[in-house]
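The whole structure should be built from the sequences, with the hints applied where relevant.
Protein chains: 4
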Amino acid sequence: MASNDAAKEELKGKSVPVLDHGQIALLDVMGSDEEIAEAARVSYRKGTKQVNDDRGLIRRLLRHRHTTPFEMAELKFYMKLPIFVERQCIRHRMASTNEVSARYSVLPEEYYIPEASAVCVQSKTNKQGREEEIDATSAAIYRQSTNDASHRAFEVYNSNLRNDVSREIARIPLPLGTYTEKYWKIDLHNLMHFLGLRMDAHAQWEIRQYANIMGSMVAKLFPITWQAFEDFRLNAMSLSALDIKQINRLPGGKIAQVDLEKYLLSEWCNAPKNSERAEFIVKAIRLGLVEPSHALPAHEAHTSTSK
Amino acid sequence: MASNDAAKEELKGKSVPVLDHGQIALLDVMGSDEEIAEAARVSYRKGTKQVNDDRGLIRRLLRHRHTTPFEMAELKFYMKLPIFVERQCIRHRMASTNEVSARYSVLPEEYYIPEASAVCVQSKTNKQGREEEIDATSAAIYRQSTNDASHRAFEVYNSNLRNDVSREIARIPLPLGTYTEKYWKIDLHNLMHFLGLRMDAHAQWEIRQYANIMGSMVAKLFPITWQAFEDFRLNAMSLSALDIKQINRLPGGKIAQVDLEKYLLSEWCNAPKNSERAEFIVKAIRLGLVEPSHALPAHEAHTSTSK
Amino acid sequence: MASNDAAKEELKGKSVPVLDHGQIALLDVMGSDEEIAEAARVSYRKGTKQVNDDRGLIRRLLRHRHTTPFEMAELKFYMKLPIFVERQCIRHRMASTNEVSARYSVLPEEYYIPEASAVCVQSKTNKQGREEEIDATSAAIYRQSTNDASHRAFEVYNSNLRNDVSREIARIPLPLGTYTEKYWKIDLHNLMHFLGLRMDAHAQWEIRQYANIMGSMVAKLFPITWQAFEDFRLNAMSLSALDIKQINRLPGGKIAQVDLEKYLLSEWCNAPKNSERAEFIVKAIRLGLVEPSHALPAHEAHTSTSK
Amino acid sequence: MASNDAAKEELKGKSVPVLDHGQIALLDVMGSDEEIAEAARVSYRKGTKQVNDDRGLIRRLLRHRHTTPFEMAELKFYMKLPIFVERQCIRHRMASTNEVSARYSVLPEEYYIPEASAVCVQSKTNKQGREEEIDATSAAIYRQSTNDASHRAFEVYNSNLRNDVSREIARIPLPLGTYTEKYWKIDLHNLMHFLGLRMDAHAQWEIRQYANIMGSMVAKLFPITWQAFEDFRLNAMSLSALDIKQINRLPGGKIAQVDLEKYLLSEWCNAPKNSERAEFIVKAIRLGLVEPSHALPAHEAHTSTSK
Ligand SMILES: Cc1cc2nc3c(=O)[nH]c(=O)nc-3n(C[C@H](O)[C@H](O)[C@H](O)COP(=O)(O)OP(=O)(O)OC[C@H]3O[C@@H](n4cnc5c(N)ncnc54)[C@H](O)[C@@H]3O)c2cc1C
Ligand SMILES: Cc1cc2nc3c(=O)[nH]c(=O)nc-3n(C[C@H](O)[C@H](O)[C@H](O)COP(=O)(O)OP(=O)(O)OC[C@H]3O[C@@H](n4cnc5c(N)ncnc54)[C@H](O)[C@@H]3O)c2cc1C
Ligand SMILES: Cc1cc2nc3c(=O)[nH]c(=O)nc-3n(C[C@H](O)[C@H](O)[C@H](O)COP(=O)(O)OP(=O)(O)OC[C@H]3O[C@@H](n4cnc5c(N)ncnc54)[C@H](O)[C@@H]3O)c2cc1C
Ligand SMILES: Cc1cc2nc3c(=O)[nH]c(=O)nc-3n(C[C@H](O)[C@H](O)[C@H](O)COP(=O)(O)OP(=O)(O)OC[C@H]3O[C@@H](n4cnc5c(N)ncnc54)[C@H](O)[C@@H]3O)c2cc1C
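Residue numbers (this note's numbering), protein chains in the order written: chain P, 21 to 327; chain S, 21 to 327; chain Z, 21 to 327; chain Y, 21 to 327.
Watch out, some of these pointers could steer you wrong.
[Stated by the list, open to error] In silico EDC-like links for lysine to aspartate or glutamate, alpha-carbon gap of 20 angstroms or less:
id, chain 1, residue 1, chain 2, residue 2
1, Y, Lys32, S, Asp48
2, Z, Lys202, P, Glu54
3, S, Lys265, Z, Asp251
4, Y, Lys32, Y, Asp48
5, S, Lys274, Z, Asp279
6, Z, Lys293, S, Asp74
7, P, Lys34, Z, Asp279
8, S, Lys144, P, Asp184
9, Z, Lys202, P, Glu58
10, Y, Lys32, Y, Glu201
11, Z, Lys32, P, Glu201
12, S, Lys32, S, Glu201
[To be verified] Chain S is faced by these chain P residues, among others (derived, beta-carbon under 7 angstroms):
id, residue
13, Ser165
14, Ile192
15, Leu196
16, Gln224
Source of the hints: derived by calculation from the structure; they are not laboratory data.
Note that the coordinates shown come from a computational prediction; the quantities given were computed from them, not determined experimentally.
Idealized CB from N, CA, C, for every residue including glycine.
The following block contains the structure:
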């Protein structure tokens, strides 16, 4: 009897809807917080002073990058997701995948069209992302034309198939929004690495919807590990050697952002567009060392960089 | 001075065209046949009878699955390829990839349209493949309608971008035939594993075009290894325990396929559609043990299965 | 309810003794034959003619190197094993390990001394192995002196510890036969790769003892996969391109080994020590194509090479 | 012509001594800072505002965990190292290894005996490490007895070999300090991961000697990447969610360690042995937020945890 038997029972095999036609379901789990701790304890046989409690041990493992015990837990998912999201997911090589083959199988007409609220303008500061929502008319045009093109592509696909064109060739015009399905198995260490990158504000919104659901499942299945992951990864902050030097130069006491200039490291002093400097200011504000000035743009730096 | 310096000089940086708009170029290489042998020889220090010649050693390593010396050689490629081909390539996890990001970058209107000769009918026997060429009219229809749908998708994409829709969302209607670009680095052991699967007659024709070019580059850069790879993998044949039992039951002398029936293993006897039996017949013919009968369908079995 | 629930119940947590102080126990399993087949079937959605039965499907996956569905099953073991065996085991990188740390922990005085029957002479033909048992006196000397040196090393170790020397330094004289402990988790595809290499007659006898026990567990937990593994890997034979050419040159009918000479490929004709030629003869005998001549040494070729 | 051609020339093939009989030599390198940047730039084709300079780009890649471009560089080493160090090295699975086989080869009598200055007492606070040097007499005893036991083991080994015991069995009594040799190839991303863990003050002193030499080679070969690695990894500091909350609670201005107590988070308040609290104090001192009190033990926390 593992402590997470009830959570397993609750989650296994239940399909959770994602996006317009997507799904995610937990198919199987190996392990629990105590089994992670147990695997780690093989390291400490005789001669070690005291047995650690699971919580303290798991937190220390994650903090000190002793990551192999988290590989001892494994999760298997079923996912239905648009191809452009799958292309981001498959980049995580430390996982096992079985995907529907469009060489063997006929794909049904199912493609992703973002909700109007998810259609955003190209970000000015962050070259890879989207920013505020686009106006309603543009969103409607986007949705209509994307839908038309996708539907038209499926008409061509189906007509290709009727003409007995091989499936592998017939599918070439299909859109990147086409839904695909896969089984995906990954260990907990690598899943946390995935979630750290894909729940991040800089990951594409669509993959974040999948990552968030997986994250909430992990939180139920491995509550101690999840708390440690939140404390030491998701909500942690990394200070560079320069950041540390810079904090040591601050006068002490919360200073106003406008006054920061006089204490800046020489390498940042006359470089207002330096991204490391901008990221530092976001961090210093988050640490309560600097009082943000709303007239100043520095806190526009990517939030992911504030970690 | 490595023995393959001239081949490196000849190949490095030269772009080879593939498909209608694709390319492949060797960017860098580490290693040579002698360096593979040298790494293997670290295993045999003092106490071993004699130093092997490189050719004999490399052939033995490959034959006996001592594969780590081949990991000591590394190749880096630039590839421009349709997204549906990239999706097959990326499944090979033991490689490093940097791909153009359609979140950061605007994709030019370049998509793959197969030549008429590459548009084939769906295979009847092999669920995942294509078979003989389709008739000229159907091919022309295929090419025209696929082109129209792809072009239409790019019009929508470009109009999305003009409306300031974020790139990551704008690209959703783009076709699976859209060209992408990547840097791809892989060691020689894993490249041979890739080539073994992707030069195979059962791999999709399009990825085979890329694999064949890579293969010809490896043949120039690592001639001894390549010869061994051809002899022990590409042109080798695997006999199952049942195949071995079956060969032992044959009367000796080349027998006619029609007469084979009487010598068949009991598990294959009354199972004319059994795929292991069909694959056995293909192998026996290739070994010269059975004289094929053209009236009989057995040698329709997949050629890949004859290995 | 998976079909292998009873086998899991029977095996889980039971420790099996290995060598003089070793152990192996299955701690956890994810998956079953049907779940492997189910993951593979995600590939074949609509449009595929018929649902395959599990047995046929699993055999085809293994035969045609479609290996990812076997990655969907996972096994977790506890192992107690001599360090020199662990050093062979850890070479299999596609697995997760947590091992007792001799930096944190005090190692008990437990080291491996081979049974007299396992002490063999250095092989003449196979540079890496042992051959027939050594004579009783030499074996007794071996056992006594190895035991003395190992025991003496532990005395030094324990006296180091009493002198408060750090554990990580104190352990330096300990013998390679010292037992260590680990948790080891691996997926079924990579476990079969491990077993293919480590149940082989050329693997060191000691690691084979561990591999054989794991193999017998897999046979109970995944009976269909195991049967396929035996038929297509363990008991299969690989014929090289040269072997195939050679078989085609044979006259037909079982020929005597003495007569083989006249039919040999030119590259093998005057090369009696050529190992590919020697391995061919072993294979031809196993196929029933050649009648072995006990006067002739050819069948001395490594058995592993007869595959 | 890559910018690091001179550094390659200088380093390649030169053997550097390590420990008493060890060696390390760089055998080959693929890549340079500019080639890493070039691979990353494939991501940013048309549509991206401006080309980044290499330094800014490389620093951003490392900071934002976009690690695949660093996989495009590869290093191949020859290493001669004690077996207990090799056992730590081999745990890094994302590397390729060819090691001398003690099944094939006779090992010469070469084993590691630490210098007196490297023989330390078992750490009290850090269960896995050593602390201050041991007294001269104990060190001498350690060295003498370890040497005796190791030499005795080699005598047994050599006598085993003379008795024709197979090498794989003869080597069982050999000490963990025995030198082994290997070829080791790894990409720059995974090498930095290795160096981050093995140059750390908590890694065993012996492996740090190897890691430090590799680090100094990387610094010459990839100077921009190395600087970024120092700034964002080696000399960086990670603040947990609790650390951030705690810093926000500090009154501002450098406070004395004795006064810290009143501002502590409730979870740390009455837990003087809580390791997260102890690690926080070390970090706060390093940031110049807390004035250390030498009477107080808090800064005894592991230095590795101060990151
Ligand atoms: C915000 C963001 C932007 C990105 N932009 C781009 C982009 O523009 N272009 C692009 O191509 N990619 C981009 N990526 C993808 C990124 O480079 C990685 O492919 C992805 O994040 C997966 O990370 P990983 O390699 O650490 O994971 P995994 O592949 O799961 O690997 C985990 C770890 O295992 C090791 N590893 C696994 N396989 C190998 C192997 N074959 N060789 C060596 N080590 C291995 C490495 O240590 C690796 O860190 C982006 C990612 C993010 C999060
Ligand atoms: C003809 C054909 C048909 C196919 N049909 C389908 C299909 O319908 N659906 C589908 O999804 N795929 C299909 N595949 C893809 C196939 O399952 C593999 O993904 C692909 O062939 C890559 O092989 P690989 O995994 O051995 O290569 P790599 O990923 O390069 O791995 C090489 C080896 O490294 C090890 N390895 C690497 N990464 C991991 C990891 N994370 N965990 C465990 N071991 C690892 C394994 O031992 C593996 O064999 C097909 C492939 C072929 C050739
Ligand atoms: C009889 C025998 C003799 C041997 N003799 C020697 C010897 O003298 N010296 C010696 O050093 N070794 C020797 N080996 C060990 C051998 O080279 C392998 O290390 C071992 O068999 C593990 O195999 P593997 O690498 O395929 O397994 P895994 O490490 O589990 O890898 C499985 C597959 O995953 C992929 N893979 C995993 N990790 C990586 C990575 N980091 N980079 C690239 N691909 C990866 C590869 O495709 C690999 O085939 C011997 C092995 C055998 C069986
Ligand atoms: C100070 C310290 C103390 C340690 N103490 C112990 C101990 O007591 N006991 C012990 O057993 N180990 C211990 N270790 C070893 C540790 O657990 C790791 O094995 C080692 O640090 C290698 O790290 P890695 O796994 O990240 O590296 P690599 O194996 O090189 O892997 C790099 C990354 O690739 C991915 N990866 C590679 N292969 C696989 C795979 N097969 N499956 C899943 N993901 C994979 C992972 O994302 C991994 O993080 C200790 C290490 C350190 C630094």
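A quick look at each hint next to the structure:
no., hint, in the structure
1, Y:Lys32 - S:Asp48, "holds (18 angstroms)"
2, Z:Lys202 - P:Glu54, "holds (17 angstroms)"
3, S:Lys265 - Z:Asp251, "holds (11 angstroms)"
4, Y:Lys32 - Y:Asp48, "holds (6 angstroms)"
5, S:Lys274 - Z:Asp279, "holds (19 angstroms)"
6, Z:Lys293 - S:Asp74, "holds (16 angstroms)"
7, P:Lys34 - Z:Asp279, "violated (68 angstroms)"
8, S:Lys144 - P:Asp184, "holds (11 angstroms)"
9, Z:Lys202 - P:Glu58, "holds (11 angstroms)"
10, Y:Lys32 - Y:Glu201, "holds (18 angstroms)"
11, Z:Lys32 - P:Glu201, "violated (33 angstroms)"
12, S:Lys32 - S:Glu201, "holds (18 angstroms)"
13, Ser165, "holds (5 angstroms)"
14, Ile192, "holds (4 angstroms)"
15, Leu196, "holds (5 angstroms)"
16, Gln224, "holds (5 angstroms)"
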